[in-house]
Every structure is written in structure tokens, then in C-alpha cells.
Amino acid sequence: MPHSHALGPTRAAPHRPAPTAGPLARVVTLTGRCVRLSARNLDALLMSLALPVLLMLVFVYLFGGAITTGDPATSYVTYVVPGVLVLCSGYGAALTASTLNGDLRSGVVDRFRSMDVGGTALVGGHVLASLARNAAATAAVLLVALLLGFRPRASLGAALAAAVVLLCYVLALSWLAAVVGALVSTPEAAGAFGFVALFLPYPSSAFVPVETMPGWLHGFAGHQPVTSVIESLRALLLGAPAGASPWIALAWCAVLLALSVPLASLALARRHR
Amino acid sequence: MSEEAAIEVAGLLKSYGDTEVLRGIDLRVPAGGVHALLGPNGAGKTTTVRVLSTLSGPDGGVVRVAGHDVRRERAAVRRRISVTGQYAALDEQQTGRENLWTFGRLRGLGRRAARERAAELLGSFDLREAADRAVATYSGGMRRRLDIAAALTGGRPRVLFLDEPTTGLDPRSRRTTWGTVSELARQGVTVFLTTQYLEEADHLAGRVTLLDRGRIVAEGTPAELKRRVAARRLELTAVSPTAHQELRRRLDVAPLHDDPHGLRLSVATDGTAAAVRGLLDRLDPTADLLARFDVLDASLDDVFLALTGRATRPAGTRPKETGHAA
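Listed in order, the protein sequences are those of chains X and U.
First residue of the first sequence: 1, per the UniProt record's numbering; consecutive thereafter.
First residue of the second sequence: 1, per the UniProt record's numbering; consecutive thereafter.
Rather than coming from a laboratory, the hints here were simulated on the basis of the structure.
Watch out, some of these pointers could steer you wrong.
Here chain U is said to cover these stretches of chain X; the calculated rule only asks that three of the stretch's residues, wherever they fall, bring their Cβ under 8 Å from a Cβ of chain U [unchecked claim]:
#, segment
1, 36 to 45
2, 254 to 268
Away from chain X, derived, C-beta distances all over 12 Å, residues of chain U [to be verified]:
#, residue
3, ASP26
4, PRO30
5, ALA76
6, LEU90
7, GLY104
8, ALA134
9, ARG213
10, GLY220
11, ALA223
12, ARG227
13, THR237
14, ALA243
15, LEU263
16, ALA268
17, ALA291
Note that CB positions come from ideal geometry on N, CA and C, so glycine has one too.
Kindly generate the complete structure, drawing on both the sequences and the hints.
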């Protein structure tokens, strides 16, 4: 027989039920898997790294000359960096819809389930991998921004606070993307969530001050979740008083997460009836 | 319920939307050995495996696997079974080693143990050289081997479910898979596999369940099932299409198979010389219609046809059987 030692060491203990992995080990394993898969998805990887660079160039060189920020002390590149950071993070987080959806359409998830790995651990792995992807993309944005003349004036504490806000934003948006990825049945539909994430920052203070927009848009643009995230990042990175913005941003993220976490698990359970 | 049974199913119902897929399945699979669930496409084989392996919930009935209820004690069942589905459940962009490592870790092995287990399985399944290549580069047979290996990362399961393990494989890979399945059964794993290949069920399984349109139509050892139709089958080959038509006309019983293109007709018989000679004399008294005849053992296909009135596969696609020319 070609495979006579296929079962190797378990032969000594016949039919011992398989051990079960702890929740942490599961999430860590699944995160590692998603990170490896992301790193090998060359198209998506290039897109997530090229997008920030191109956007920065577009805003600073093409639009930047025509835009005034209302504050002569702040160059447009400095004004726009938080917006580009948020835009790219949103796009990166939205990819979670596609990665999770791809898994669900393959047979791998069935194998995970037969090993009693639950949907929350699976989503957790995808979301944590999204955080890792976005950390890399954020580093790319900052690097390009510094080359283009971005000069942050943040203290270490403020920089850390900015990182926390951005992290929470990516976390919440990734989990929301996971809900979409679990609900839809085609990769195209999952990808469409990326457009939402890409366009949401435009009607906000990301690229131009809200006051320059038509009056009827002020209500939305001034108060949507992306605005609070951008205002926090901008204030924290430029060393300006941030006021309540970071708390509002964190509250938005908490609300989004409180909705997305159970919704994602419900959507997965429904899918696997 | 008895302790030896690996699988006990009573009154299993499962629908998807308005489609009734399983319409009351009763099944008992004793521990040990290979059990085949045989049926044509759409019979409900995959759904049965999905319910038995906890991947889909039953709509009605009781299902116990490895001594535990799939609904109320799902986690306990999952620790005692492994499933390899019809389509490879592997990450194409991970290497074979990484796939096995991932599954081992999720099965609760420590990092070192998962690494050792992966290496061991890669060796056993003849994948050592491909271990560090992405699965995307694997052939169908290699994928299948890795897929079955992945079902063993947590050690030897009590019950192993294999959904159409050899569909789409070349003959050599199929034989390798058969060897693996037999070996696992020899080591005490209860293997429950589905197949649409009669010779596969015949070759591998100690017991066979025939499934048709969500119902079980027969169950037993391959030999028992074959006895239900006829011990032997007389296969006649005509000299020409006209001769085939004439033979068909003279036949006073319904043939088991009628294959006008192959000029063949099969008739149930007990295989005795008297019966065969009598039949030949009656059909072809002038000895100019028949090119040859063979007396063959009844196949599971005959059983299926006799019980459901339909072949498991379209006529003409049956694999060649080994018979003895008389």
C-alpha cells in the first residue's frame, strides 16, 4: 500500500477526538492565512499601493493649485493628507468584502466549519488581515506625502491618537465590508462596496472645506462618520486642538462595529443553513 | 441506539426552498469499513453528506454520527469526523505545506506539531516534491491527494466523509485514491463515500446504499444487491442493426439493457448452460443473427435499473466490464 504510514503517530491512540484550537489560536492562524493570500494577490496588492500614490499626485498637483484651504499657514498637501489616508483606508477595508466573499464561494470555508471554526473567527481573520494591509498602505501614503512636502506637527501622543482613530475606522469599515461580503453572492457585488468606500470621503471635509459646498450638503458632509475621522486626523497630525472630533469618530466606529459584528455572524449563519 | 454504529439516520428530510432534496432517509452504517452512497447526479448524495457532516442542518429526522446528534452536539461530531467535499477545499495561492499547516493549527495542533504533521502527510501522500509550490500549480490527482491529506491533519477521524472522491480523476489517480481509502478503512476509519461509479462502489465498499431522487431504493453488500436482480446477465451482440431489431422483437422479456448503437442486448439469466442454450435457440434458431454472447456477473447498474427503471448514467457511457466469454 502506498500510504501505509498516512496516519502516523495517531495510530497509538485510536479514535481520539481531534483537539480543538483556542479562539485566539484560530484567529491568529486565519489572520496569517489571509495575510499570505493578500500578499500573493498581486493585482490587489499593486492597486492598494498604487492608489494612494496616484491620488496624492492628483490632488496635490492637478487640483491643489486651484484649491485654497482658507488657512494660508497650511499648504494643500498638508490639508489633503488625512483625506487621502482615509480614502485609501476605506478602499483597503472594503476589499474585505471581496476576500471574505471569495472564501465563501470556495470550499475552504466548509472545511473550516467541519473543524468547528466559527464564522466570527473567520471574519476576525479577514478583518485583522485588512488592518495589516492598511498599515502597509498607510505607510506608503505617508512616505509619498513626506516626499511631496507634507510636514506633520504632531506630538508623539497626538500621532498615536491619530493612529488609534484610523485603526478603529479601518476595523469598523472592514467588519461592515465583511457583512456585505457575507450577504452577496457574486464577486462583482462584493467589489461594489469598494465604490461606496471610495466615494464616501468626497462629500466630507477630506479634500475641500465643507463651507465651499452647497448649503443642502452641509448637514451630511459636516456630520457623516468620515468627516469626524478626517477632522480628528487633521487636527492631531497638525498639532491643532482636536476638540470632540476623535471621540465622535470613535463613537461612530463603536456604533458601526456593534452593528456589523452580529450582522456578519448572522449573515454567515443564514448562508450556511 | 447501538454503540457500534458510526452513522444512524432516521426519517431525514431536507429541502432547499421548494425543492425537496431528501425525502425521508433511513440509514445505519456500522463502524469500520467503507460504505458507498451510490446514485445518479441530483439524487441527493452531496446533500446527504453535508447534513451528515454538520455542514447543513436537517429539516426533519434524527441524525447521529460517531455517537452524537448532529444538531444538538455539533461540536462533538465535528471533533470526530473529517470531510472532503466534491471540490477541493484548498487555498490555491497557499503551498501544499501551508494548507496542511493551516488546517493542523485550526485542528488545535501546536505550531511544531502542525509543522511535523504537515511534513508527515506530504510524505505519505507522495507530495514531498510539490510541498512548497502553490496548489494552483497542482494536477487534479495531486489536489485530490492533498485534499484527503487535509482531512487527516487532526489525526485519524472516527468517520471520514468523501464526496465523489474520484470524479474527474484519470484512471491512475483513481486507483491511488482507492488504495488510500482502503488503507484508511484497514486502519479503522469508517469511510462514507458517495460515487456515481458502479465499479467504484463495487471495488471499495463493503456496503452500498442506492439513492434515487432523495429516497433510498436499496441497501446491502454489492453481492446481495446484485442477487436481487439476477445472478448473471447474458449479453448478446448482433451481427447487424437489422439482426439487432429482429432479436429485440423475438425477446419475450424486457431486456436489462438495449444498446442499438453497440448492437447489444442484455438479458437476465441464472447462467446455467440449459437456460443459456434454450434462450439462444429461441432467439436465433438459424444461427445467423448473433455475432457473440457473454455471460456476465450482474452489475450494480443492473440493480439500479431494475429498481428505478433508469440507468445511473446515460446508455453507452458504462465502463467496460470484465466478463467471461462463454
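Taking the hints in turn, this is what the structure says about them:
1. Counting residues of the segment 36 to 45 of chain X whose CB falls under 8 Å from any CB of chain U gives 4; the rule of at least 3 is met.
2. For the segment 254 to 268 of chain X, the stated coverage by chain U is violated: 0 residues have a C-beta nearer than 8 Å to a C-beta of that chain, whereas at least 3 were required.
3. Annotated as non-interface, ASP26(U) keeps its C-beta farther than 12 Å from every C-beta of chain X; the closest such distance is 23 Å.
4. Non-interface status of PRO30(U) relative to chain X is upheld: no Cβ of that chain comes within 12 Å, the nearest being about 15 Å off.
5. The Cβ of ALA76(U) sits about 8 Å from the closest Cβ of chain X, inside the 12 Å cut-off, so the non-interface label is violated.
6. For LEU90(U), the shortest C-beta to C-beta distance to chain X comes to about 7 Å, within the 12 Å cut-off, and the non-interface label is violated.
7. The claim that GLY104(U) is not at the interface with chain X is violated, since a C-beta of that chain comes within 12 Å of its own (minimum 9 Å).
8. Chain X draws ALA134(U) into its interface by the beta-carbon criterion, the shortest separation being 8 Å against a cut-off of 12 Å.
9. No beta-carbon of chain X is positioned within 12 Å of the beta-carbon of ARG213(U); the least distance is around 22 Å.
10. Residue-level check passed: GLY220(U) sits 27 Å from the nearest beta carbon of chain X, beyond 12 Å.
11. The beta carbon of ALA223(U) is kept farther than 12 Å from every beta carbon of chain X, the shortest such distance being approximately 24 Å.
12. No Cβ of chain X comes within 12 Å of the Cβ of ARG227(U); the nearest lies about 31 Å off, and the non-interface call holds.
13. The non-interface label for THR237(U) is consistent with chain X: the shortest C-beta to C-beta separation is roughly 38 Å, beyond 12 Å.
14. At roughly 48 Å, the least C-beta separation between ALA243(U) and chain X is larger than 12 Å, which holds for a residue marked as non-interface.
15. For LEU263(U), the non-interface assignment is confirmed: its Cβ lies about 41 Å from the closest Cβ of chain X, beyond the 12 Å cut-off.
16. Under the 12 Å C-beta cut-off, the non-interface status given to ALA268(U) relative to chain X holds; the minimum distance is some 37 Å.
17. ALA291(U), annotated as away from the interface, keeps every beta carbon of chain X farther than 12 Å; the closest lies near 42 Å.
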